[in-house]
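Q: This is what each chain is made of:
Protein chains: 2
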Amino acid sequence: MEKIKCIISYDGTNFSGFQIQPGKRTVQGELEKALTKMHKGEHIRIQASGRTDTGVHAKGQTIHFDSPFELPTENWKRALNTLLPADLYINQAQIVPDTFHARYDVVEKEYRYYVWNERETDVFKQNYYYQFPYPLNIHAIQEACQYFEGTHDFTTFSSAKATIKGGKERTMYEVSCNRDGSQIEFVFRGSGFLYNMVRIIVGALLDIGQGRRSPSEIAVLLEKKDRRLVGATVPAQGLYLWQVKYED
Amino acid sequence: MEKIKCIISYDGTNFSGFQIQPGKRTVQGELEKALTKMHKGEHIRIQASGRTDTGVHAKGQTIHFDSPFELPTENWKRALNTLLPADLYINQAQIVPDTFHARYDVVEKEYRYYVWNERETDVFKQNYYYQFPYPLNIHAIQEACQYFEGTHDFTTFSSAKATIKGGKERTMYEVSCNRDGSQIEFVFRGSGFLYNMVRIIVGALLDIGQGRRSPSEIAVLLEKKDRRLVGATVPAQGLYLWQVKYED
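Protein chains in written order, with UniProt numbering: chain D, 1 to 248; chain P, 1 to 248.
You may find that some hints are simply not true.
Note: identical chains are not told apart, hence a pair may lie in one copy or across any two.
Under the rule of at most 30 Å between Cα atoms (straight-line distance), these lysine-lysine pairs were calculated in the DSS-like manner [what the hints assert, rightly or not]:
no. : residue 1 : residue 2
1   : Lys-77    : Lys-168
2   : Lys-37    : Lys-125
3   : Lys-168   : Lys-33
4   : Lys-225   : Lys-3
5   : Lys-125   : Lys-245
6   : Lys-125   : Lys-24
7   : Lys-24    : Lys-5
8   : Lys-125   : Lys-59
9   : Lys-59    : Lys-224
10  : Lys-225   : Lys-40
11  : Lys-225   : Lys-37
12  : Lys-224   : Lys-33
13  : Lys-37    : Lys-224
14  : Lys-77    : Lys-165
15  : Lys-77    : Lys-224
16  : Lys-40    : Lys-3
Hints are computed from structural coordinates only; laboratory data are not their basis.
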């Protein structure tokens, strides 16, 4: 048996999220279908760094699986990409030690969120950006970002539905925001993320950018641990799982 | 009755082309559905500058229609965009003289074609570029582009299936090619275009970029008026109807 780690990208538009579901087109479903075909019908189960929701994209999702095949590292990538649909691609495949686990061994995850800040709709951005037509004060957003960095309980900024073993404390190494023309990019690097956390934080940051709240309120909101105090979750199509880091 | 001219953009990915067809989702079909809803069931027929094929995009397609409504110019755009799907957008709407015709009055059309020239597949480019993994000599392509400018019979570079009233002579005001990182942009501005003409020319230019032909062969190929002498039509998803110009 060999353990293979793959870094994959996908356009989330036409997937019903990552996790396998009967009758739905999912990333895990397509990957396992390709692997099963390659293994002549033997079902190969994959493990990912985590799930992504419907419409969420990935540039660097990471998975692993075990295979009875002994192929050179470079053949895995080519063989799998031949069997995969056009919206799912293996960026990199490598043989890893048997102890590796794509979920349990994560040391850092990076998500990015993209806003297209233009009054006019751009049909080519609809699936890849959250199109936001109102003026935004980027300096206020940047000031607010700093309050999220470090270790906090993120209860206020995660889905109230989620039940999590081990509590809602997470460490953010970077929360930043930059404008490049009409594009606004949010970068989140952290030890881990709660359900809907990035999309709820971006929603709160856009409120601040519109002057509805002041940046310093973030400290109070974190303290209060109450999801009802902040606004709506921004849409899935602006979100990208950008990178997953593991110990060497 | 008022005549309305609209400049529209669409992401061609999920349309079976422009022209209305029973049981298919087309640009014309969606536009006429929205207009018919707005006119309380009265069928409003549109006229476009020309058709586009399945998967072809538009940044500046132009249409007209007649309406019994007398709305201020700025209301047409808002009213229609409210009724249209997310992949179809009215950039601009204006009331024009009754003599205007979106097809017969065209004086110039601009198409662009986008190639993504990278060895690695980018899942986010699949519907918007032709992904071409082999090295290209842009200088050779640029030299070849010049042979297409001016007035020529474009029989060699158009679909053999097309039957055209008035012959296959067209005037190209600009045929150019530029690289910006991995992106290669082709610009075509002309008096009119034959069926598949841009996609066949780009196919021939990519052959030249790979050294399979020399740039000066274009003059001979134009002369010979034989579609069989050049290679394949490149895919639809790299093609954009960019702009349509009319006399003031």
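Q: Give a verdict on every hint.
A: Each hint, compared with the structure:
1. In this assembly of identical chains, Lys-77 and Lys-168 lie within 30 Å of each other by CA distance neither inside one copy nor across copies; the values are 36 Å within and 47 Å between.
2. In this assembly of identical chains, Lys-37 and Lys-125 lie within 30 Å of each other by CA distance solely across copies; the values are 26 Å between and 35 Å within a copy.
3. Neither within a single protomer nor between protomers do Lys-168 and Lys-33 lie at most 30 Å apart by alpha-carbon distance, with minima of 35 Å and 49 Å respectively.
4. Taking the shortest alpha-carbon separations for Lys-225 and Lys-3, neither the intra-copy value of 41 Å nor the inter-copy value of 58 Å comes in at or below 30 Å.
5. In this assembly of identical chains, the alpha carbons of Lys-125 and Lys-245 lie at most 30 Å apart whether taken from the same copy (28 Å) or from different copies (25 Å).
6. Taking the shortest Cα distances, Lys-125 and Lys-24 sit within 30 Å of each other both inside one copy (25 Å) and across copies (24 Å).
7. Taking the closest pair of Cα atoms, Lys-24 and Lys-5 come within 30 Å of each other only inside a single copy of the chain (25 Å); across copies the shortest separation is 42 Å, beyond that limit.
8. Both within a single protomer and between protomers do Lys-125 and Lys-59 lie at most 30 Å apart by alpha-carbon distance, with minima of 17 Å and 12 Å respectively.
9. Proximity of Lys-59 and Lys-224 under a CA criterion of 30 Å is satisfied in neither setting, with 34 Å inside one chain copy and 48 Å between copies.
10. For the homomeric pair Lys-225 and Lys-40, neither the shortest alpha-carbon distance inside one copy (51 Å) nor that between copies (51 Å) is at most 30 Å.
11. When the C-alpha separation of Lys-225 and Lys-37 is checked against a cutoff of 30 Å, the pair qualifies neither within a copy, at 47 Å, nor between copies, at 47 Å.
12. Taking identical chains as interchangeable, the C-alpha atoms of Lys-224 and Lys-33 are never at most 30 Å apart, the minima being 45 Å within one chain and 50 Å between chains.
13. In the homo-oligomer, the alpha carbons of Lys-37 and Lys-224 never lie at most 30 Å apart, since the shortest distance is 51 Å inside one protomer and 49 Å across protomers.
14. Taking CA atoms no more than 30 Å apart as the test, Lys-77 paired with Lys-165 passes in neither setting, with 35 Å inside one copy and 51 Å between copies.
15. In this assembly of identical chains, Lys-77 and Lys-224 lie within 30 Å of each other by CA distance neither inside one copy nor across copies; the values are 47 Å within and 45 Å between.
16. For the identical chains of this complex, Lys-40 and Lys-3 are intra-copy neighbours only, at 18 Å inside a copy versus 62 Å across copies, given an alpha-carbon limit of 30 Å.
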